[in-house]
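Trainee: One-letter residues, chain by chain:
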Amino acid sequence: MTPLYQLTVAQAREALTRGEITSVELTEALLARIAAVEPKVRAFLTIDADGARAQAQAADARRAASDTSPLLGIPIGIKDVISTQGLRTTCASKMLENYIPVYDATAVARLKTAGAVILGKLNCDEFAMGSSTENSAFQQTRNPWNLERVPGGSSGGSAAAVAAGEAPATLGTDTGGSIRQPAAFCGITGLKPTYGRVSRYGLVAFASSLDQIGPMARTVRDCAIVLQVIAGEDPFDATCTAHPVPDYEAALTGDIRGLRIGVPREYFVAGMQPEVEAAVRAAIEVLREQGAEVLEISLPHTPYALPVYYLIAPAEASANLARFDGVRYGLRVPGESYFDELERTRGAGFGPEVRRRIMLGTYALSAGYYDAYYKRAQQVRTLIRRDYQQAFEQVDVIAAPTAPTVAFKIGAHTDDPLAMYLEDVCTLPLNLAGLPGLVVPCGFAEGLPIGLQLIGRAFDEETLLRVGDAYQRVTDWHTRMPEVREDNSTQG
Amino acid sequence: MSLTLEEVEHVARLARLRLSPAELEKMRDQLSRILDHFQMLQQIDVSATPPTAQVTDLINVMREDEVRPSLPREQALANAPEHQDGMFRVRAIFEDA
Numbered sequence: 001m002t003p004l005y006q007l008t009v010a011q012a013r014e015a016l017t018r019g020e021i022t023s024v025e026l027t028e029a030l031l032a033r034i035a036a037v038e039p040k041v042r043a044f045l046t047i048d049a050d051g052a053r054a055q056a057q058a059a060d061a062r063r064a065a066s067d068t069s070p071l072l073g074i075p076i077g078i079k080d081v082i083s084t085q086g087l088r089t090t091c092a093s094k095m096l097e098n099y100i101p102v103y104d105a106t107a108v109a110r111l112k113t114a115g116a117v118i119l120g121k122l123n124c125d126e127f128a129m130g131s132s133t134e135n136s137a138f139q140q141t142r143n144p145w146n147l148e149r150v151p152g153g154s155s156g157g158s159a160a161a162v163a164a165g166e167a168p169a170t171l172g173t174d175t176g177g178s179i180r181q182p183a184a185f186c187g188i189t190g191l192k193p194t195y196g197r198v199s200r201y202g203l204v205a206f207a208s209s210l211d212q213i214g215p216m217a218r219t220v221r222d223c224a225i226v227l228q229v230i231a232g233e234d235p236f237d238a239t240c241t242a243h244p245v246p247d248y249e250a251a252l253t254g255d256i257r258g259l260r261i262g263v264p265r266e267y268f269v270a271g272m273q274p275e276v277e278a279a280v281r282a283a284i285e286v287l288r289e290q291g292a293e294v295l296e297i298s299l300p301h302t303p304y305a306l307p308v309y310y311l312i313a314p315a316e317a318s319a320n321l322a323r324f325d326g327v328r329y330g331l332r333v334p335g336e337s338y339f340d341e342l343e344r345t346r347g348a349g350f351g352p353e354v355r356r357r358i359m360l361g362t363y364a365l366s367a368g369y370y371d372a373y374y375k376r377a378q379q380v381r382t383l384i385r386r387d388y389q390q391a392f393e394q395v396d397v398i399a400a401p402t403a404p405t406v407a408f409k410i411g412a413h414t415d416d417p418l419a420m421y422l423e424d425v426c427t428l429p430l431n432l433a434g435l436p437g438l439v440v441p442c443g444f445a446e447g448l449p450i451g452l453q454l455i456g457r458a459f460d461e462e463t464l465l466r467v468g469d470a471y472q473r474v475t476d477w478h479t480r481m482p483e484v485r486e487d488n489s490t491q492g
Numbered sequence: 493m494s495l496t497l498e499e500v501e502h503v504a505r506l507a508r509l510r511l512s513p514a515e516l517e518k519m520r521d522q523l524s525r526i527l528d529h530f531q532m533l534q535q536i537d538v539s540a541t542p543p544t545a546q547v548t549d550l551i552n553v554m555r556e557d558e559v560r561p562s563l564p565r566e567q568a569l570a571n572a573p574e575h576q577d578g579m580f581r582v583r584a585i586f587e588d589a
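Protein chains in written order, with the working numbering: chain A, 1 to 492; chain B, 493 to 589.
Chain A on its own, in the form it takes in the complex (with noise of 0.2 angstroms):
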């Protein structure tokens, strides 16, 4: 029989529902699986194991009771930039270290509510500013695969956590990349919704007009069952429209005939590793294989994504990041008066690449330099999401690389902004568009995992993971799991 951990959220719901696991064993398999591997994959910030036991046994009796909401009994993880009432958020940032929210961000309020069990808050970039989880102020996840690399980022511990069975899904979030990178980076499944799509409540905001929260699993239908559950509408985030939810999981139709699927050649970049391109080429011809129709398409404005993208989100990052003043929460460093501790609080709390990014973003925006950086970007922004409306009359799926290669060495960028800005590449450009992205693995190159990204119209999910179920019913890599040895062999 499979191990408890290694159930998908499918699986596990139906083994509950018909009575052959409670809630609680299954909770206290995942306790025990992140007891054993958690001191070499270090995915969490905060394991919250008295408080999942509660959660399964109130669980278990809801389900005795004859209740049968979407999540009931199933444990998942919680990207630590998602407030969780009671439960520490840190955002990976010494300046939030003891902040302990008095309320729920609606996403987790949703999954509480449709009765899932949160085992603990995961590891990221501070902030989620980073493409690795090294910009994290506490610790260093490294990736299930092969430990010496890492997991990607910013959403690093939500992925390692579910591809070394320490939980069946968890919510990362993702304002460039940050759930479709890490996703390929450790071989699993993530879906970055359409912006409005999840509310934003309770997230700690990095760019605001980007910022998105969604699912991470290993397969497509987990991602489709915890969509269902966060999305929607929200009167306490006024950009969550009221566009109407469909049934995802009865969009999983296995039935891709007669869709036009683009691949754009702008995103097979100078650079890429080979490997990673044709397994990327040799997922969309199994696509093609299964009825679809391939198209070569371009977008030509996508190298300017980059520049706009890191202009855009660290504007938006350093007034949001404005609120950090020592007041209201998180550290207060003193000083000889108000400003002087202003000063200390914010260039204590704040790691290297914040600093950073709140620079550039205040550079973008002072006076003399808004329209050359900060407005130019906004209109190439427009450019940028006009060759997607434009591909969209031709197609109805982008297929993609998610990044130029697989995992990369830890410490490998850490001395280059830039070279580590580049690792986005393929990612950002949809979050300026506002589209969605889902990600699935599709090979491995140097015993790591590939992931290939379909990108969608605005409010199509449905069609993305109709794709993408497709496809792992005719492939198997999303159902390889990693051993997590210290040895750093290859495992498949």
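Hints were generated in silico from the structure; no laboratory data involved. We put the beta carbon where it would ideally sit given N, CA and C, even for glycine. Just so you know, not all the hints are guaranteed correct.
Claimed, not checked - In silico contact screen, one side only, chain B against chain A (beta carbon under 7 angstroms); selected entries:
no.	residue
1	R508
2	H529
3	L533
4	V559
5	Q567
6	M579
Chain A is already provided as a structure; the job is to place chain B on it using the hints.
Mentor: Then chain B, alone, in the frame of chain A:
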């Protein structure tokens, strides 16, 4: 695109970040190189292109102006580094206040 140390100091002051002299210098170097790379944006003619600030296409989202429950004071103060008499405690902003 080379920033001067004075420009970097000015931005740090705007951002209310206390940076060490070594970090100011490193920041100058790194930001200069990043901005160099971003010069590619100047190649595009955007004279007729409107800016995009957000992508929801929502204009205004209105609701009734009704009194609703809010956080109790003790919870609002629960994470404050210092509070007194039910208020956040801060240093005086004006020197001789």
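Trainee: Tell me, in ascending order, the numbers of any earlier hints that this structure violates.
Mentor: Hints 4 and 6 contradicted; others consistent.
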